[in-house]
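J.: Residue numbers (our numbering), protein chains in the order written: chain A, 710 to 1021; chain B, 242 to 467.
Keep in mind that the hints are not guaranteed to be accurate.
Here are the computed lysine to aspartate or glutamate pairs in the EDC-like style, where the Cα-Cα straight-line distance is at most 16 Å [to be verified]:
no., chain 1, residue 1, chain 2, residue 2
1, A, Lys745, B, Asp391
2, A, Lys744, B, Asp391
3, A, Lys722, A, Asp866
Source of the hints: derived by calculation from the structure; they are not laboratory data.
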Amino acid sequence: MNRHLISAADLSKQDTLLILDTAEELARVADRPIKKLPTLRGRTVVNLFFEDSTRTRISFEAAAKRLSADVINFAVKGSSVAKGESLKDTALTLEAMGADAVVVRHSASGAPHRLAGWLRGSVINAGDGSHEHPTQALLDAFTIRRRFGRGAGEALDGLRVTIVGDVLHSRVARSNVWLLHLLGAEVTLIAPPTLLPVAIDGWPCSVSYDLDAALPKSDVVMMLRIQQERMNAAYFPSVREYSRRYGLDTARLGQLPEDAIVMHPGPMNRGVEIAAEVADSPRSTIVEQVANGVSVRMAVLYLLLGGLEAGK
Amino acid sequence: MAHAAHPAGGQPGITGDGVTAPGPTGGPPAPGPQAHPKTVLEAAEIGRALTRIAHEIIERTRGAEQVVLLGIPTRGVPLAGRLAGRITQVEGRPVPHGSLDITMYRDDLRLRPARRLGPTEVPAEGIDGKTVVLVDDVLYSGRTVRAALDALNDLGRPLAVQLAVLVDRGHRELPIRADYVGKNLPTSQQEVVRVLLAETDGEDAVLLEPAGAAARPRGGVTGRRR
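Using the sequences plus the hints, can you model the full thing?
T.: And the structure:
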């Protein structure tokens, strides 16, 4: 394992399977009367969130606390960052506080990479701009592996994953394409042409604009959120039209193979990219994904911080 | 790394994998004719020792009715399974058995890179109010057992905890002793005790290797005790 987790593309297949297998063992802690392990006692994990996030921050906080680490939540609103402090000065402050790991979310792609150059501790990317969100991809891979009954050491060979929606702005899509491809899945991206990145040719996946044609050939459908906050231009005529062409409703759910699952990284826009009945159907893994997120993040924290201190 | 040998430079204060470490880099003797591993227990002797331990457990726990056997990965797990099988043969009733991984409770985590976790499978009936018999292959410093006691503490409240080991090689660093011992094996700290089991290694044997033994079947054992 590297010292940092910045990008899913940095992970080897071996590292990825180690994280998933470790998460599988750690998932059992959630079923125990005492949901805590002493492993990271005395270690400090700082949650540094420059962008709003509920589930990712809480998930990392729960993961760190289950491993007995001390957690400092650094919310940007009301901090010195709001007063104009630079990322570097914030980093130096965290360094002085003795942060062993910094979980960072930032609106600028590449911010965690910069941060890693300034800090002695580990940096974990919790989403940077439209670049990457590696722990989300790990938890998605974990969820798929579990749902398809594959055990420790097994990858996702032969599974067909269709990712639908705003790929252009989606760090989740980018991380997932790399990680799922690494694990042997066949990934197809479906989006309106305006919501696909320019350099999509270099991604290890196929691309299509036709959702209905892809559904019968999908074991997993992953719906992406329409990110209103990143849309500063008109990417499609109207939300209703988007929903009609690219939303997953009950009729489309019926076109999926019988054991196919529906995923969504959250937060959902019910009625836009996913119909409420689909989100609440037994095929939906949306709630599981949240629970699995804690296990996967525990595994990442343990593997980055649990052993010999980096650089010694 | 539950089943790999200790990586160079590490300090296995405790071991859970049947391999206990030889001494520091104090110039191990050149492997000569005497440097071959010696078989201290053969398959049949391991079988007899386990049968005896199974009977002792039944006797000490009055029929093993409330007993749960928990093996410490890697090689404690098959040993726990074998003991459970023997108790079942005698008592005619299944004995719950499982595994208890102690990696997250080790006291030397920070001395080596993060290791792969072993399985923890606690039988469905849980451990509350039961007599838990921890099973491991080698008892050495006692640190593994200390970690296992901590791990048990987070899983429930057993009525009693006992310890069964195939080999007790001495050199304890903590006030811990075994209730059931397959063989007491006086060793020097420079020697390596290697337990092989059919389930994990394809054969049953306990080997005693002198320090610096040349040919090692599985990886190098280069760790150092504190």
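J.: Give a verdict on every hint.
T.: A quick look at each hint next to the structure:
{"no.": "1", "hint": "A:Lys745 x B:Asp391", "verdict": "12 Å, holds"}
{"no.": "2", "hint": "A:Lys744 x B:Asp391", "verdict": "14 Å, holds"}
{"no.": "3", "hint": "A:Lys722 x A:Asp866", "verdict": "12 Å, holds"}
Of the numbered hints stated above, none is contradicted by the structure.
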